[in-house]
Structure formats: C-alpha cells, structure tokens
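Enquirer: Sequence:
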Amino acid sequence: MSIESIEQLIDYRGNCHCGAFKFTLKAPALKEVHACNCSFCSKNGCLWTFPVTSENFVVVRGDEDSTLKTYQFGKRTMAHKFCPTCGTTVMARVHSNVGINTRALVDVDATTLGVVTIDGASREPLYQIPEPLAAGPVAEGTTIYTGSCHCGAVGYNVQLPKPLASARACNCSICHRDAAVWIYPRTTTVSFKGRDSIVEYTFGKRETYHGFCGTCGVAIYERYLGDASVKTALNVRTMNELDLASMEIKMLDGKAFLPAYESPW
Numbered sequence: 001m002s003i004e005s006i007e008q009l010i011d012y013r014g015n016c017h018c019g020a021f022k023f024t025l026k027a028p029a030l031k032e033v034h035a036c037n038c039s040f041c042s043k044n045g046c047l048w049t050f051p052v053t054s055e056n057f058v059v060v061r062g063d064e065d066s067t068l069k070t071y072q073f074g075k076r077t078m079a080h081k082f083c084p085t086c087g088t089t090v091m092a093r094v095h096s097n098v099g100i101n102t103r104a105l106v107d108v109d110a111t112t113l114g115v116v117t118i119d120g121a122s123r124e125p126l127y128q129i130p131e132p133l134a135a136g137p138v139a140e141g142t143t144i145y146t147g148s149c150h151c152g153a154v155g156y157n158v159q160l161p162k163p164l165a166s167a168r169a170c171n172c173s174i175c176h177r178d179a180a181v182w183i184y185p186r187t188t189t190v191s192f193k194g195r196d197s198i199v200e201y202t203f204g205k206r207e208t209y210h211g212f213c214g215t216c217g218v219a220i221y222e223r224y225l226g227d228a229s230v231k232t233a234l235n236v237r238t239m240n241e242l243d244l245a246s247m248e249i250k251m252l253d254g255k256a257f258l259p260a261y262e263s264p265w
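The numbering of the sequence shown is full-length UniProt numbering, which starts it at 1 and goes up by one.
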C-alpha cells in the first residue's frame, strides 16, 4: 500500500512569479523538503518535493513545454523548467515523475520545513565551473570575486574592498522564489559578460529589475532604476567557490514593502 493511500492528500497551488504558469498539486502534508547540493540547485536554492505523479500535478494556466523553458545539463536525464518571463524555477521532470520547487507554492514557506540534503554534487559527470571573467587592474587590498549563471552564458567579476563575510536574503515574492542572497557593491566595481543572454523582469513599482540568464534561468543581479549608477545587487549564490554556509545571512522583510504582491490566484 502506498503512502499516498494512507495519508490524506492536500490540495496545494503554485505559480511562477508573473503568473504565466499556474498549477495544482495533490500531496501529503509537506513536512520536509529536499535540498540538493548540485551545481544547479545550489545556484537556484531549490527546495524540492518529489516524486509527484502526473496524475497529482495539474497545469491550470500555461503549458509545461511551451510556457516554461527547459534546461538540461550533465547526463541530461532531468529536465529543469523555468518561466522565461520571470525566471522562476517551477519544476523538474524525469519521464513521468515530477519534482516541484516548493518555493513556487502559494501559502507555503518552504524555508520553515525540515530539510533532507541530497548529495547531487558528487554525481558524475562533475560540474565544470565556466571560465571566469578576467579582471582588469586590481587595486592593492582589493578582493576579486567571480561568478556566473549555471550554463556560463552570463559571467561577472566584482572588486570588493574586503572579503565577503555577510549578505542579505529577502522574503519578498520574487527573492523567495529565486532564493537569492544579495550583496550591494558599487556598480563601477562590477563587470559583466554575456549581457545579451540576460532577461530582466520587473513588477510592482517597476523600480527594480531582476536579471536572470535566459538559458538556464539562474538569477544573477538586481538593477535599480533610480540608483543604477551607484549600486548593483549581486546574488552570491552564483559566485564561484564561495562557502555560503560560512557567511552571516541577514534577513530583509521585503514582503512588508508596498505595494503587496498580487497573487495570480
């Protein structure tokens, strides 16, 4: 007898941030999520529930194959799917089984659930870090950090006056879905490559533009309309060989900022 036949199934709703893709999910009450340490899930901060059968996963708006964009890597056995408009990583599919990124669920704070770690990082073939963007002249005492999206289409470097010790996470509707962890260096200290591969998404007051890779969906930066020449937010999840666990992560209550996010439901 399956677990699903014993436990009562609960109706969950989910969507990408812009609402182009909406779905419902029937599953036992969520008590834990799976966090994979592979290169892709680490950059996206995905928190998964799976396997979900196709019968318990119903698309309400959009289409899995045409509304969402598919990204694969490694052995290409898993299809990661994200919204090409807002960048939300929604799901992953292996044949008939579906994994749902619980960050895309409505009224579920996945960060409060128990976490089961999956060691995807050790699976062959091992991920090769994309060639970093070379830095120009470096001032004495400056620390250089490099980073990229997962596929390597977008890369950057940033020159900071001291090594990174802290960053800021935000619980707003878009940052929660992206699991972004931010630092705010001066724009003049950041250099990019592959800007043609970046998609920008904005909402609310339309003062902040969220930049993500149009190929793999990884969130890279935030650009501020009224402050673009002064600072750029960088998602430190995308930095090469940075130990996020060793940093102090401060929480910003972006959910409280007005106007409040209007759910497509």
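Keep in mind that the hints are not guaranteed to be accurate.
Result set (EDC-like, lysine to aspartate or glutamate): computed pairs, CA atoms no more than 20 angstroms apart in a straight line [unchecked claim]: (1) Lys205 x Glu248; (2) Lys193 x Glu241; (3) Lys162 x Glu248; (4) Lys231 x Glu200; (5) Lys26 x Asp109; (6) Lys231 x Glu207; (7) Lys69 x Asp109; (8) Lys162 x Asp243; (9) Lys26 x Asp63; (10) Lys31 x Asp109; (11) Lys255 x Glu207.
Simulated from the structure, these hints should not be mistaken for lab results.
Enquirer: Decide, hint by hint, whether the structure agrees.
Expert: A quick look at each hint next to the structure:
1. Lys205 x Glu248: violated, 30 angstroms
2. Lys193 x Glu241: holds, 19 angstroms
3. Lys162 x Glu248: holds, 15 angstroms
4. Lys231 x Glu200: Given pair Lys231, Glu200 holds - Cα atoms ~17 angstroms apart, limit 20 angstroms.
5. Lys26 x Asp109: holds, 17 angstroms
6. Lys231 x Glu207: This hinted pair holds, its Cα atoms lying about 13 angstroms apart.
7. Lys69 x Asp109: Status violated; Cα separation ~25 angstroms.
8. Lys162 x Asp243: Given pair Lys162, Asp243 holds - Cα atoms ~16 angstroms apart, limit 20 angstroms.
9. Lys26 x Asp63: holds, 19 angstroms
10. Lys31 x Asp109: Holds - the C-alpha atoms of Asp109 and Lys31 are around 11 angstroms apart, at most 20 angstroms.
11. Lys255 x Glu207: holds, 16 angstroms
Violated hints, in rising order: 1 and 7; the structure is consistent with all others.
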